[in-house]
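Assemble the whole structure, with the sequences as input and the hints as a guide.
Protein chains in written order, with the working numbering: chain A, 165 to 992; chain B, 5 to 414.
Warning: the hint list may mix true and false statements.
Cut-off 27 Å, straight-line C-alpha distance, at most; resulting in silico cross-link-like pairs (DSSO-like, lysine-lysine) [as the list claims (entries may be wrong)]:
| hint | chain 1 | residue 1 | chain 2 | residue 2 |
| --- | --- | --- | --- | --- |
| 1 | B | Lys332 | A | Lys388 |
| 2 | B | Lys332 | B | Lys367 |
| 3 | B | Lys367 | A | Lys862 |
| 4 | A | Lys522 | A | Lys232 |
Since the hints were derived computationally from the structure, they do not count as laboratory data.
Listed below, chain by chain, are the residues.
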Amino acid sequence: MVYITSLCTSKRHQPITSFWILVIILLLSACGGSSVEVTKTPAPAPQDNTPVTYSGPVAATPDVTQFKLELWDNISSPQRCGACHVQDNQSPEFARNDDINLAYNAASQLVNFSTPEDSTLVTKVAAGHNCWLSSDAACGEILATWIGNWGATENTANDIQLEAPIAKDPGANKNFPDNSLLFEDNVYPLLQTYCANCHTGSATIPISPYFASSDIDESYAVSKARISLDTPENSRFVERIRDEFHNCWSDCASNANDLINGIQDMADAIELTELDEQLINSKALTLFDGTLASGGGRFENNVIAKWEFKTGSGTTAFDTSGVEPAIDLTLNGDASWIGGWGIQLSNGKAQGSTTNSKKLHNLITATGEFSIEAWVVPANVSQEGPARIISYSGGANTRNFTLGQTLYNYDFLLRTDKTNVNGQPALSTADAAEVLQASLQHVVVNYDSVNGRQIFVNGRFTGDTDPTEVGNFADWNDTYAFVLGNEVSGDIPWAGSIRMVAIHNRTLSAEQVAQNFDVGIGQKFFLLFEVSEITETPQSYIVIEVSQFDSYSYLFSEPFFYTLDDSISIPDIPLQGMRIGINGREANVGQVFQNINTLLTQSDYVPAKGQLLSSLGTIIPIEKGATSDEFFLTFEVLAEQTNVMVEADPPAPAATIDLAAQAEIGIRNFAEINASMSAVTRVPMDNSSVKASFEQLKQQLPSFTNMDSFLASNQMAVTQLAIKYCDQLVETTNLRDSYFSDFNFNQSAETAFTAQGRNAVLLPLTSNILNSDLSDQPNNTDVINELDNLVTRLTDCSGDKVCDATYTKTVVKAVCAAALGSAVITLQ
Amino acid sequence: MKHLVRQIGRYKIPLNWTLFILAISTLPLTYAGPREQAKRMHDRLTGIPPSIQVLDEMENLIAEGKVSEAADIAMQNPAFYSVTLKNWITPWTNEEADVFAPLNDYTATIIGMVRDDIDFRQILSGDILYVANSNAGIPPYSMTSNAHYQALEEQSADLQDILQRTTQSEETGLPAQATAGVMTTRAAAKSFFKDGTNRAMFRFTLINHLCTDLEGLKDTSRSPDRIRQDVSRSPGGDSRIFNNSCVGCHAGMDPLAQAFAYYNYEYNVESDPQGEQGALQYNNQGQVDPDTGSQVQAKYHINGNNFPYGFFTNNDDWSNYWRQGLNKNLGWDTALPGNGSGAKSMGQELANSQQFANCQVTKVFRNVCLRSPQDAADRSKITTITNTFTNTGYNIKQVFADAADYCKGE
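Structure, rendered in structure tokens:
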């Protein structure tokens with residue numbers, strides 16, 4: 165059999181000689197029998213697809229015409245199904261080229277228009293039967309698209325037929341023991357040794373959770389959520405060190421291994437236990453036990469290229485639009501696949517060939533309008549360039565179009581006869597709007613000759629109008645390449661994830677954008693959690709839409725109550741406190757439904773839709789992988805059963821650790837110094853001269869009272885302010901006369917500073933500034949002596965020094981400033 | 005002045021430092037008698053040295069064991085209000101914790117409340133405002149300007165004397181039930197309701213009045229059912245960040261910050277990007293925001309498509325999820341229900357927690373003792389002062405007096 169199939173295929177490659185013609189004729193007759201079993205072709209067939217020119221009878225009906233245009237034209241070539249499934253050859257003859265109506269009859273038996281992906285044609289190819297690409301799944305996708313296009317002129321959402329899964333109970337698992345001994349012996353020593361500088365309540369800057377607390381009970385309580393007993397390597401403690409390099413104490417990999425070993429030792433000492441009997445739980449199922457919610461409902465009538473990244477491995481992202489030639493993208497550089505369909509790029513790209521990329525040029529210039537649609541996750545809001553998300557370009561400065569990112573903005577560069585070869589000026593979203601966020605976003609950019617460029621984010625028009633006059637695509641270059649995540653030259657990368665890209669050669673209307681946004685992204689399943697035994701209502705389920713949100717989480721959303729038995733009447737069923745369980749225990753984060761408190765009733769139950777329990781959704785971390793993780797639900801109250809959870813009190817905070825001894829005295833701050841100087845000199849703070857100096861100096865004066873932060877520059881400011889206060893004290897007559905009432909400022913410096921004159925200056929100063937009889941302040945006499953020495957030095961009028969009455973004031977100011985600017989004022 | 009500096013410059017700094025060192029070397033070696041204690045209490049409470057007369061008076065009271073009365077005398081000095089309290093409060097009024105920020109209604113209101121011995125819990129819920137009396141000769145209080153308070157500062161006005169009590173509802177037209185102490189003052193609105201999503205008001209109230217940032221309260225075990233739609237569940241494409249970090253704060257914060265759903269700070273972003281002429285805006289009952297179709301401000305619905313399955317705010321009902329779990333240790337008042345509507349009742353929820361009282365006392369301790377509580381004796385004293393504070397009508401002046409007594413030296 166293998167021989168026969170091989171020959172059927174090999175006739176594409178070999179020169180046909182008369183001998184071989186004879187052999188082939190003999191053997192082809194064998195190909196036609198329905199009893200012939202077809203087996204997988206050993207190697208993928210080449211990708212060239214020479215079209216077949218049809219010259220048989222005309223199509224009998226419009227649907228036959230539709231069949232020919234959408235499916236037959238794509239599969240009838242000798243490089244695809246036309247190699248065998250033609251007249252007088254391999255049955256079924258859905259690719260026959262003698263009579264399109266007969267081909268239509270054959271093909272009709274092999275397709276399922278309601279779910280094209282379930283068509284026999286699709287499942288056969290997707291299972292490995294003569295796929296013409298390197299990915300069987302991609303061939304299946306493309307075939308499903310062609311069949312969908314044949315079956316409907318407009319995509320509409322399909323009704324999902326929910327199917328009952330096989331009932332099974334949640335599995336056993338390891339649970340944390342009540343006492344902390346195992347934790348204390350195996351894991352806690354690492355945490356306390358290496359994490360206690362921050363993760364304790366008594367740290368200088370305490371960072372919750374306090375799993376390194378000196379109190380073992382406090383530590384154990386918060387550590388449970390960060391330890392996975394079933395898969396120690398998935399513990400949050402491990403991930404934080406191994407994957408996020410968070411404060412490793414030596415080598416991150418070996419530190420993570422130490423933690424894994426500790427957790428493994430702890431886990432090894434714990435027996436598997438069945439699910440807690442107290443729990444009221446539903447039946448369990450995995451993601452793929454759910455009913456597939458197909459991606460119907462997207463508007464794709466004019467799609468000319470589409471990448472959904474479903475392959476998940478290899479280096480090729482297939483264009484599954486079904487429009488030839490496919491622009492398959494080659495991944496290189498720092499580009500990888502992510503869970504739940506998508507690629508992640510940090511400094512890599514996914515680029516198509518220039519030959520195939522020409523499809524975009526041909527099909528877009530033909531309509532003069534187009535739309536780029538994408539689901540993207542920018543890794544950050546700090547990249548610019550614009551960083552190239554999607555580009556059809558020739559290099560850093562030449563392009564037909566580009567969707568890029570600059571910080572919080574999307575940029576749309578487009579070459580027309582009104583813009584330059586680099587597509588500039590660009591249309592960018594408004595800075596203040598910050599529409600670009602580092603989260604999953606649906607982005608659509610439109611261009612047509614009426615509205616120019618438009619940007620839609622998450623289903624909504626951003627409101628940014630194109631300032632550039634509309635133009636045409638006459639200047640487009642057909643030698644450019646289509647690329648994702650970078651410039652074709654590889655020097656302007658974009659960091660982030662791309663979950664889907666579609667190019668339409670008509671613009672999407674606002675309604676169509678919203679429609680495609682509402683459909684969402686990724687493979688979704690309806691998980692039917694059976695609760696029949698608890699509710700005593702036949703075939704009753706809590707149904708939740710579940711999908712893989714990203715590489716690390718599942719999205720659970722919009723749970724509803726549903727029964728597959730349409731005939732029954734639903735009694736009043738109370739439902740409270742619903743939680744999601746995963747692999748035998750309730751998830752320790754994301755319990756968004758735990759506060760539900762509702763009543764299931766017949767009156768609220770909508771036939772075929774059920775009763776919605778919540779419009780919320782949540783993300784639950786992936787543990788073992790999408791194929792293995794098993795989910796179930798628990799309830800605090802469901803029907804007659806009750807298991808109300810009473811949360812235990814948290815452990816008391818650990819005792820605070822003593823700080824190093826601190827100084828009992830400190831520095832006065834800027835305002836205190838100012839007020840103090842004012843108080844002891846009696847110069848008011850709103851004295852204009854003083855006020856101006858204070859405003860100028862206040863930020864140079866001490867801001868804090870801590871002694872350790874006192875700097876020489878602070879002292880400089882203190883001195884300057886002291887001089888200003890003393891200046892005003894001496895220069896303002898009434899202040900001066902009141903303060904130094906016994907001193908004669910009209911005398912020269914040579915005569916003014918007699919012993920009596922000195923007392924008249926120094927005594928008021930020291931009594932006002934020092935206060936009296938304070939044992940913790942400098943002795944008044946000591947200070948007076950120091951200041952007296954200063955007066956002596958300053959009033960040495962020998963030589964040509966001018967010691968007039970003006971200088972007398974100067975000396976008083978100097979003595980005043982020396983006392984006022986001292987620690988007597990600055991210390992408290 | 006230049007002349008003076010030129011002539012004496014070579015003596016100036018050495019002499020200052022001589023006296024400085026003289027003072028420091030003297031301090032630790034001496035025994036602090038009543039007079040030294042009086043001096044330190046006055047220094048710490050008012051920021052300035054006492055007059056000799058006041059020092060004598062305080063010394064005598066301390067010698068008689070009447071320390072609290074001595075503190076009262078110090079606190080009668082205007083500097084207690086214009087210097088100590090003003091600089092204690094000002095950093096709470098802006099995100100940068102800038103002590104140089106101008107005097108404003110937030111600061112003035114707390115100063116007035118301290119002066120009038122008003123229950124300090126009212127700072128987060130009262131319909132209360134302090135403005136200058138009509139004799140001040142300054143621009144009147146305005147919803148759209150801080151000129152009133154800046155003029156007071158320009159004049160170095162005696163805040164103890166000039167401030168008079170009024171209500172926000174009377175001065176601003178804010179409905180009485182929408183007032184929430186300093187959180188609904190113009191200065192707080194300008195700092196924390198401007199732009200953003202109003203979470204800043206919650207966060208900075210935590211920092212300033214419960215002495216903890218969100219980092220200290222992270223609890224990932226709370227239900228995320230009130231986390232708004234604008235919070236990405238997969239920041240940068242990595243949902244682990246949400247489940248391990250974001251949820252820890254947002255799960256508790258978002259249901260509490262919902263209390264601010266009707267508030268905004270309105271300003272002209274084009275002509276006044278700093279919002280100097282902006283005003284607090286509150287969607288009153290029956291007032292429908294065009295963007296939300298309800299009383300809820302548009303900022304509560306921005307970026308709603310970041311996670312459409314997130315919580316959709318349609319009123320100002322708040323809930324305190326931190327009454328359970330790790331943050332139960334904050335000591336919530338069991339006499340309160342733990343949920344409600346609007347900022348006033350949410351402010352009461354915060355202000356009636358043990359953490360609030362403890363925080364206020366700790367802040368006063370730091371301000372008066374010039375250091376953090378460092379050992380068992382300090383912590384025990386904090387507890388004692390806190391108990392007095394909570395059992396005697398939350399009089400913050402008493403806390404200042406008690407702290408000054410404790411740190412007056414021996």
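Here's how the hints hold up against the structure:
About 18 Å separates the Cα atoms of lysine 332 of chain B and lysine 388 of chain A, which keeps this hinted pair within 27 Å; it holds. Restraint check for lysine 332 of chain B and lysine 367 of chain B: the C-alpha separation of about 22 Å stays at or below 27 Å, so the hint holds. Under the criterion of a C-alpha separation no larger than 27 Å, the hint pairing lysine 367 of chain B with lysine 862 of chain A is consistent with the structure, at around 23 Å. Restraint check: the Cα-Cα separation between lysine 522 of chain A and lysine 232 of chain A comes to about 25 Å, which is no more than 27 Å; the hinted pair holds.
In summary, this structure violates none of the numbered hints.
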